[in-house]
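J.: Now for the letters of each chain:
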Amino acid sequence: MTPTKRLGVALSALALLIAGCGSPGAPVDPAPVGSVERPQPANAAVENDVEGGGAGDTSCDPTASLPPNGAIESGSTMDEIRDRGYLSVGVDQNTFLFGFRNPTTGALEGFDIDIAREVAREIFGDPNAVQFRAITSAQRIPALQNGDVDIVVRTFSITCERLEDISFSTVYYIAGQKVLVDKHSTVKGIQDLGGKRVCAAKESTSLKNIAAADPKPVPVSVDDWSDCLVMLQQGQVEAVSTDDTILAGMAEQDPTVKIVGERFTDELYGIGVPKENEDMVRFVNAVLERVRGGAWQQSYNRWLLERLGPAGPPAPNYQ
Amino acid sequence: MTSTVTPRGPGVPAPPAQPVPPVPPEEPRGARSGLAWLLELPGNAVRGITRSAATTPGRLSLIATGLIVLALLTGVIGTVSVQNRANTIDDLIHHREPLAASAQEVYRSLSDADATAASAFLSTGSEPPELRERYALDIAKAGAALARAASDSGGVAEAARQVEILSQQLPVYTGLVETARANNRQGFPAGAAYLREASELMRAKILPAAQELYEIDTDRLAEEQDDATGVPWLTALLVLGLLGALIGTQIHLKRKTNRVFNVGLVVATVAVGIAILWSAAALTVQSVLVSSGGSDGTEQSDLLVRARIAALQARADETLTLVARGGGESYQEEYTQLMGRLVGEDGNGGLLGEAADRSEGLPSAGHVDSAITHATAWREAHAELRELDGSGNYDGAVQMAIDGSQDRTAAAAFNRLDQELAAAIESGRQSFLDDTTNASRALVLLAPGFAVLAVIAALGITLGIRERLREYR
Numbered sequence: 001m002t003p004t005k006r007l008g009v010a011l012s013a014l015a016l017l018i019a020g021c022g023s024p025g026a027p028v029d030p031a032p033v034g035s036v037e038r039p040q041p042a043n044a045a046v047e048n049d050v051e052g053g054g055a056g057d058t059s060c061d062p063t064a065s066l067p068p069n070g071a072i073e074s075g076s077t078m079d080e081i082r083d084r085g086y087l088s089v090g091v092d093q094n095t096f097l098f099g100f101r102n103p104t105t106g107a108l109e110g111f112d113i114d115i116a117r118e119v120a121r122e123i124f125g126d127p128n129a130v131q132f133r134a135i136t137s138a139q140r141i142p143a144l145q146n147g148d149v150d151i152v153v154r155t156f157s158i159t160c161e162r163l164e165d166i167s168f169s170t171v172y173y174i175a176g177q178k179v180l181v182d183k184h185s186t187v188k189g190i191q192d193l194g195g196k197r198v199c200a201a202k203e204s205t206s207l208k209n210i211a212a213a214d215p216k217p218v219p220v221s222v223d224d225w226s227d228c229l230v231m232l233q234q235g236q237v238e239a240v241s242t243d244d245t246i247l248a249g250m251a252e253q254d255p256t257v258k259i260v261g262e263r264f265t266d267e268l269y270g271i272g273v274p275k276e277n278e279d280m281v282r283f284v285n286a287v288l289e290r291v292r293g294g295a296w297q298q299s300y301n302r303w304l305l306e307r308l309g310p311a312g313p314p315a316p317n318y319q
Numbered sequence: 001m002t003s004t005v006t007p008r009g010p011g012v013p014a015p016p017a018q019p020v021p022p023v024p025p026e027e028p029r030g031a032r033s034g035l036a037w038l039l040e041l042p043g044n045a046v047r048g049i050t051r052s053a054a055t056t057p058g059r060l061s062l063i064a065t066g067l068i069v070l071a072l073l074t075g076v077i078g079t080v081s082v083q084n085r086a087n088t089i090d091d092l093i094h095h096r097e098p099l100a101a102s103a104q105e106v107y108r109s110l111s112d113a114d115a116t117a118a119s120a121f122l123s124t125g126s127e128p129p130e131l132r133e134r135y136a137l138d139i140a141k142a143g144a145a146l147a148r149a150a151s152d153s154g155g156v157a158e159a160a161r162q163v164e165i166l167s168q169q170l171p172v173y174t175g176l177v178e179t180a181r182a183n184n185r186q187g188f189p190a191g192a193a194y195l196r197e198a199s200e201l202m203r204a205k206i207l208p209a210a211q212e213l214y215e216i217d218t219d220r221l222a223e224e225q226d227d228a229t230g231v232p233w234l235t236a237l238l239v240l241g242l243l244g245a246l247i248g249t250q251i252h253l254k255r256k257t258n259r260v261f262n263v264g265l266v267v268a269t270v271a272v273g274i275a276i277l278w279s280a281a282a283l284t285v286q287s288v289l290v291s292s293g294g295s296d297g298t299e300q301s302d303l304l305v306r307a308r309i310a311a312l313q314a315r316a317d318e319t320l321t322l323v324a325r326g327g328g329e330s331y332q333e334e335y336t337q338l339m340g341r342l343v344g345e346d347g348n349g350g351l352l353g354e355a356a357d358r359s360e361g362l363p364s365a366g367h368v369d370s371a372i373t374h375a376t377a378w379r380e381a382h383a384e385l386r387e388l389d390g391s392g393n394y395d396g397a398v399q400m401a402i403d404g405s406q407d408r409t410a411a412a413a414f415n416r417l418d419q420e421l422a423a424a425i426e427s428g429r430q431s432f433l434d435d436t437t438n439a440s441r442a443l444v445l446l447a448p449g450f451a452v453l454a455v456i457a458a459l460g461i462t463l464g465i466r467e468r469l470r471e472y473r
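As they're listed, the protein sequences go chains D and E.
Going by full-length UniProt numbering, the first residue of the first sequence is number 1, and it counts up by one from there.
Going by full-length UniProt numbering, the first residue of the second sequence is number 1, and it counts up by one from there.
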């Protein structure tokens, strides 16, 4: 039995050796999750190459529109609309104060909606003869070009670039771009946002202005303005930069944000009309003439006076 | 005849693998290492066997040993394989099918939650209690079913990954929906934005993971059903080989001894014959039942679950088209596509058409037929809804989409369709359970029976051969 015994001793020694050396390893990680991918609004993206051509483009006079003419002649665009029975308007349903769906009533409300209803009132005598079509900023020009809508009333800035594709009415509101940040933020304006993520809607002038700012922020684009507020509230962007009107609507929904800085652009809101419908442009200008007389102030007082202070309608400029 | 082997008895002849006497002159063991002795063992055994095979009693002992080993081996392998089969069927009933059903439930309830959240958005004022309840129930069911589905994803890496995505994202989703609610209640349009973000998360991440998990679990179920219906080739080969060897031995003995019957070997042959007939019959019945539990049960359910999910997604598209208010062409296109998948272009094809063809004579047939009727009615109501929206009557279209209290609305037609599909799926699961439980009953006692028969065969062989060996004493 001696060899067996010797073997046994050798084996136990080996076993001890094996057990003794080598690291025991780390305890098993029960939740191997390093970072969390945050939920994002659909189609949110970082825009690295946005072309210029925002409000800074001065190659034309964007304010000059066709002279007003309120008559509806037979065979005109307005006559066709009257035959159809309703006016089709491209609007926003996500921008508080300008065009939004009131969740309590389901109805669309806001300053732009009021203006659109005035156009319908002029054609039908009924401000409710409107079919609203909710469109994103990026869909405004295609919707007019495809004939999906008769007009677009949707915080639509008149620019020389856009005038090449569609026509605009006279200016019915002048806004300017500012910056919305968290209340505790030290950002004082667009100049402090270099390299930071700043949100704006796709195909908006605001996005182009952000991309053109110096030092350059990281432009983040989304479908709708309220998506920007969501991203700001979730801490996924440092700031939202767009027209003070839209920002006022966001600040109204969230007491923990503030609007900072001076207006660094002038955004001239006009009603978009398909390029071929000159009679419609003249007609809408006539409607705006009437609106400047009283309905404008009434709607402004209802939606914007408290947030943006007293103001009156801008004077029209005709070619 | 002389023999170097001294016939030993009574008792079982020593297996030839044991050191066979006469042992070669002993070498002093202590001088040799144990290893060398081990290495020489096979050589010694072969030499021993060759030597004893040269004599008749030796050959008989060898044959007996071979037969006994074969009988016991067949008994062990057959019993284990039958027991495995029975375990597989139990596993199908108690584990695999409930797990696939859990994955189905995760997928279904999450699709339903998405559709319900969109409907709730369309309704004005405070959220209708029935929609709120439905959403809450969906989330609770999804959570419970997910916990169940997660309990067995460990073995399959892909399934574990899907469970991980689901369990990480589901709380995020519900958080977004509640934020949307809080904003909605204050009249803020940010609520709609949160809801869109939630829906995006659901459609881009959660539902694909749920679908993947569902497919993995359904495949595993089908695989296990295949396992439970295959022919156990090894056992079949062994048992038929044993039968052949027994018959061969008896012919050989008859030639050598001129005696027709050897009681022991006849008993062994009969035992093996019974084992073959019994297991063939039981396994055939069981396979047929498991197969029909698959084709009438789980496959039918799978078809109907896919139909139900297509219907739910089409429903979400219907409401989202209205939520988008004019900007929802992509949803409308998806609706048309999903309805095509559900009932086909003409209303008789698609998943439901296939389910109807397969459900003839099954208890689910009635439900499937009414589901087709309701799906057609829903498509008509939807066409009416689109016309209302297209002609400028948005409020009418919304009413048509979400008012389930009136018979002709899209909401009512969809609800009826969903109920019929739920009933049909339940009926399919019942068919599975009935057939598979009966299949499991067909195997009752087969495993121990097989073992007992194998032991009887081994005993018969022992006794039979020993009787012959005695004649050489």
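I should point out that these hints are in silico values taken from the structure, not numbers from a laboratory.
Watch out, some of these pointers could steer you wrong.
Selected chain D positions facing chain E (Cβ under 10 Å, derived; list incomplete) [unchecked claim]:
1. Glu37
2. Asp223
3. Glu252
We put the beta carbon where it would ideally sit given N, CA and C, even for glycine.
J.: Against chain E, run the beta carbon of glutamate 252(D) and see if the smallest gap drops under 10 Å.
T.: 8 Å, holds
J.: Does the CB of glutamate 37(D) sit less than 10 Å away from some CB of chain E?
T.: 9 Å, holds
J.: Hint aspartate 223(D) vs chain E: min CB-CB distance below 10 Å?
T.: 8 Å, holds
The structure fails none of the hints (numbered hints given earlier).
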